[in-house]
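Residues per chain are reported as follows:
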Amino acid sequence: MSEPFEPKIVAFVCTYCTYAGADLAGTSRLKYAPNVRIIRLPCTGRISPMFILKALQKGADGVLVSGCHPGDCHFNHGNYHARRRWTVFRSLLEFTGIPQDRVKFSWISAAEGSKFAELINSVTEDFRKLGPFDQYKKLIKETETAATF
Amino acid sequence: MAKIGVFVCHCGENIAGKIDCKQLTAAMEQHPGVAVAFDYKYFCADPGQESVKKAIRDNNLTGVVMAACSPRMHEATFRKACAEAGLNPYLCEIANIREQCSWVHTDGEQATQKAVEITRSMVEKVKLNNNLQPIEVPVTRKALVIGGGIAGIQAALDIANAGREVVLVEREASLGGHMSQLSETFPTLDCSQCIMTPRMVEAAQHPKIKVLTYAEVESVDGYIGNFKVKVRMKSRFVDMHTCTGCGDCIIKCPIKKIPSEFDCAIGKRTAIYTPFAQAVPNTPVIDKANCTYFKTGKCKICAKICELNAINFDMQDEIIDFEIGAIVVATGFQVQDNSVYGEYGYGKYKDVINGLQFERFASASGPTAGKILRPSDGKEPETVVFIQCAGSRDAAKGVRYCSKICCMYTAKHAMLYAHKVHTGKAHIFYMDIRAAGKGYDEFTRRGIEEDETSYLRGRVSKVWEENGKLMVRGVDTLLGKPVVIAADMVVLATAMVPQPDAKDFAKVIGIGYDEYGFYNEAHLKLRPVESSTAGIFLAGACQSPKDIPDSVSQASAAASKVLALFSKEKLEREPVVATNNEATCAGCWGCVLACPYNAIDRKDIVDRSGKLIKRVASVNPGLCQGCGTCVTFCRSHSLDLAGFTEKQIFAEVMGL
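Chains A and B are the protein sequences, given in the same order. For the first sequence, our numbering assigns the number -4 to the initial residue and increments by one for each residue that follows. For the second sequence, our numbering assigns the number 80 to the initial residue and increments by one for each residue that follows.
With the rest of the complex left out, here is chain A:
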């Protein structure tokens, strides 16, 4: 292998904690891997499992969901909803054949710029190790082939 694989990661984050934490990492001029693309939402409670599936379907090798720490949600308990949803969604992922480790969940507060940078580096490394995510593409290909019969 000449070049290491560079995963493409989509992060769904809430604007009040993790997005602000990511901004803080920037203001503090911390450096981290350029593999992540952030989608800003009001709250992790807004994150539909469909967004995650769509990202994976569209070619993301990994998805990160991050919001406020439990108890700290700007909207009181949106992050608890997200956590509960994630628990259910995880088993659905497994059922559909998408490995659970393609989706990561974390809490980053607005004050945790350095934690954000560390997190991005560590998830990038994790996804790099996992290699390209092509199960979904294969799945689509298979169904398409099946349909032509």
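A portion of the hints provided could be inaccurate.
[To be verified] Here are the simulated DSS-like pairs of lysine-lysine, each with C-alpha atoms no more than 30 Å apart in a straight line:
1. A:136 - B:726
2. B:101 - A:53
3. B:726 - A:133
4. A:26 - B:458
5. A:110 - B:541
6. A:99 - B:586
7. B:347 - B:374
8. A:3 - B:101
9. A:110 - B:586
10. B:541 - B:499
11. B:582 - A:110
12. A:53 - B:726
13. A:132 - B:726
14. B:82 - A:53
15. B:331 - B:307
16. B:450 - B:427
17. B:82 - A:49
18. B:159 - B:649
19. A:26 - B:101
20. A:99 - B:582
21. A:110 - B:604
22. B:604 - A:26
23. B:450 - B:335
24. A:99 - B:726
25. B:726 - A:3
None of these hints come from the bench; they were simulated from the model.
Following the hints, put chain B in place on chain A, whose structure we already have.
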């Protein structure tokens, strides 16, 4: 047909130093739907904004993407510029290529590629943006202040003096808080009661302030400008309107040996009592748990003695509802329980006390009338050892933070002791002397130089009793030697901790708190008096350990925030709220359960004859805060969130 303008900001070298802005602009020019794209050195500067406005007008743009700094920085600036050019401000979105791209990556090529993807994704979102109008909500110009200590009183007075109504709620039987317990205050050594009681009286007599003591906030609903608050008036069993505060009932009460909370258990109180002599209001309360009548059904001596028949044993708690526009939380602190330090013998040896207890000894209105006496035998102590950081800056047994006030009050204690017991010797074990503040360092120097306080830099390992003395073993790290001091009294400079129910109360009012239970400010540096919830402000030690000047300053700051809010009749709010498609809504009410703000009602849809056809969810835009939790819950995809619609987010994902 979408006509999007993409404007790539260099931010001097901040963006252009890493990202190839020309390449980014060229890539955007090629992107479908982009009508115009150009770059500029500083778009936030006037000429930059003008060029954006001109581009909007010249090209009849239907949307704008600013590839620039974080939306938390200049979203408002650029949206305003768009509005000035006749474009709905909510058709402008920011692609954050500074904080989340140029500043955090080292490789220019990779950063440029990422910037292209971020900007492209935003263009795809903007294509689906809708015209939105800000939501106007009315403001109830009445404030609620929770906590009647110095911070709460100051905030209440400032708001009331500006002509606005205030409800001041205090859960104890009197206003005053911790400040009324103190003897003298640093760095001036003026009597705490003498400066505090006039404030208490002023608040109680102010025509714009409604003081509710022995009352607790039961619930807070609503939102900025429109809170609905329920306050529980705990039953005092004494009628506030008839009682004149003569105190006969207190004198005659046969139960006299209850440890007084106000005197930190050094003094005793009766079952019917006022916390202290200068209490405001001066109406006593009956302590139900200790009252003989409530325990056995017999006694009622207080009722017999009261000539005005003010005592009513059948009194019930009362709930009062208030409509409130803004809330100041000033719930204060507690001192840490020092019994966790077994080695210091607090709770084991009577003569080991904490700083607040020392205040009660030193206070002229205290149980010893200002004499420093050993609790064990009532004798004047000849040697007193003060141990600083008893709990503070101790990750193992106490708290990691510095309680901020202990260096100063310990210096003051040693000074007060020297003034009262001229032959006495005060030793202070300290880690550092933190005396930052106006007149503070001078104060500690005065203690050392004039009152001969001996400072020993080091920690205490053990306190034990020997021949009627308290033996204190510590280390003097400056001499590098262990020391043992035979003391008559040991005073622990106990850590300030949040109120024990601080976290629960934060949930009642809906604000954030840190790992300890101190309330979180919206921004540590730039928004230090606002909580993360709009319309709720913080004052005093409920946020972090503070001394009196800091608490008062913050209280006045919070009051000015409240008054700024009350200066308008209506508030404008971001139109990021949920909307419902009533045609597809099945009325499953999943959203009602999900909504943290009770913003979703059930609405009847009736035909012309008034017959109910179906019931659907209906979002109250005044209450909705725009979190979008309901949208994700909605099984029929009827709900959506303005500004963050399903389509917009899918478009963003597809654009990456």
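To see whether the hints hold, each was checked on the structure:
1. A:136 - B:726: With Cα atoms ~25 Å apart, residue 136 (chain A) and residue 726 (chain B) stay inside 30 Å; holds.
2. B:101 - A:53: holds, 28 Å
3. B:726 - A:133: Answer holds: residue 726 (chain B) to residue 133 (chain A) is near 26 Å, not above 30 Å.
4. A:26 - B:458: Given pair residue 26 (chain A), residue 458 (chain B) is violated - Cα atoms ~64 Å apart, limit 30 Å.
5. A:110 - B:541: Cα-Cα ~39 Å, so violated.
6. A:99 - B:586: holds, 28 Å
7. B:347 - B:374: holds, 20 Å
8. A:3 - B:101: holds, 24 Å
9. A:110 - B:586: The given pair, whose Cα atoms are some 26 Å apart, holds under the 30 Å limit.
10. B:541 - B:499: holds, 28 Å
11. B:582 - A:110: holds, 25 Å
12. A:53 - B:726: holds, 15 Å
13. A:132 - B:726: It holds: about 23 Å lies between the C-alpha atoms, which stays within 30 Å.
14. B:82 - A:53: Distance of about 25 Å is within 30 Å: holds.
15. B:331 - B:307: Distance ~42 Å between residue 331 (chain B) and residue 307 (chain B) Cα, so the pair is violated.
16. B:450 - B:427: holds, 23 Å
17. B:82 - A:49: holds, 26 Å
18. B:159 - B:649: The hint holds at about 20 Å.
19. A:26 - B:101: holds, 24 Å
20. A:99 - B:582: holds, 29 Å
21. A:110 - B:604: holds, 20 Å
22. B:604 - A:26: holds, 24 Å
23. B:450 - B:335: holds, 22 Å
24. A:99 - B:726: Roughly 24 Å between the alpha carbons, so the hint for residue 99 (chain A) and residue 726 (chain B) holds.
25. B:726 - A:3: With Cα atoms ~22 Å apart, residue 726 (chain B) and residue 3 (chain A) stay inside 30 Å; holds.
Checked against the numbered hints listed earlier, the structure breaks hints 4, 5, 15; every other hint is satisfied.
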